[in-house]
Amino acid sequence: MRATIPEFFCDRNFKTGTMQSVQDVVKFCILPNRTAKGWAVLMGKLDNYDASQLHLDSAIKLLFMHLDSFLLAHPLVPGIIFMFDMQGTSLSHLTRINLSLVRKYLTYVQEAMPLRLKEIRIINVNNVISHIMNLIKPFIHKNHLQYVSITSKNAFCSEISELAINQLADCSNMFDDEERLLSQLNKNFKKSKTNVTIEGSFKKLDLD
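Quick note on this note's numbering: the sequence shown kicks off at 679 and runs consecutively.
None of these hints come from the bench; they were simulated from the model. Please note: incorrect hints may appear among the correct ones.
[To be verified] Computed cross-link-like contacts, BS3-like style, restricted to lysine-lysine with a CA-CA straight-line distance of at most 30 Å: (1) K796 to K715; (2) K820 to K796; (3) K715 to K865; (4) K865 to K693; (5) K815 to K715.
[Unchecked claim] Derived Cβ-Cβ restraints for the label pairs, each shown as a range: (6) T713 to P792: 14 to 22 Å; (7) T694 to K820: 21 to 29 Å; (8) S808 to M852: 37 to 45 Å.
Virtual Cβ for every residue (Gly too), placed ideally from N, Cα, C.
Using the sequences provided together with the hints, build the complete structure.
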């Protein structure tokens, strides 16, 4: 599936272009400690509240880079929790949401991500969250909605985020190798006229 969504899995050099600038807008990190069930916790937040600076495709790409970096070192982790800090979000951020990208992101997370998503926790919420949930709810499988929880307050560790960026640097060769592989797979898909695409998988989503 990765070969069909180059928006998230191509050009993953985090030191150049939009991938360099997006790191000043959003921060991600995977906490060093696990839950009692052995699950990892990935945290994400806005670092720059200016909505005009947010590029959703680059932010999602950065999230998956952190996830792949973690899996390289911890391939047997049984599951992960996504924790998103909503502090600083505003109605202006709604204009930056591309529904096509949201569909592809949620389809990949629910159907193809190499690590099982156990929960989505949304913290430091404000009144914008109801609008965001209304936008993304049609793309969340019914059985996954029960895993979404909303909490008022929590904290984010900037020091851990800096450590996570250093871990990405250690995985730069892996990202380059995967991009070459995905490029070849994409060519093979086109030659064989395969119809297995991310758009096709949308038909399996339950829309309410």
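Taking the hints in turn, this is what the structure says about them:
no. : hint                     : verdict
1   : K796 to K715             : 10 Å, holds
2   : K820 to K796             : 14 Å, holds
3   : K715 to K865             : 41 Å, violated
4   : K865 to K693             : 27 Å, holds
5   : K815 to K715             : 27 Å, holds
6   : T713 to P792: 14 to 22 Å : 19 Å, holds
7   : T694 to K820: 21 to 29 Å : 40 Å, violated
8   : S808 to M852: 37 to 45 Å : 39 Å, holds
Hint compliance for this structure: hints 3, 7 are broken, all remaining hints hold.
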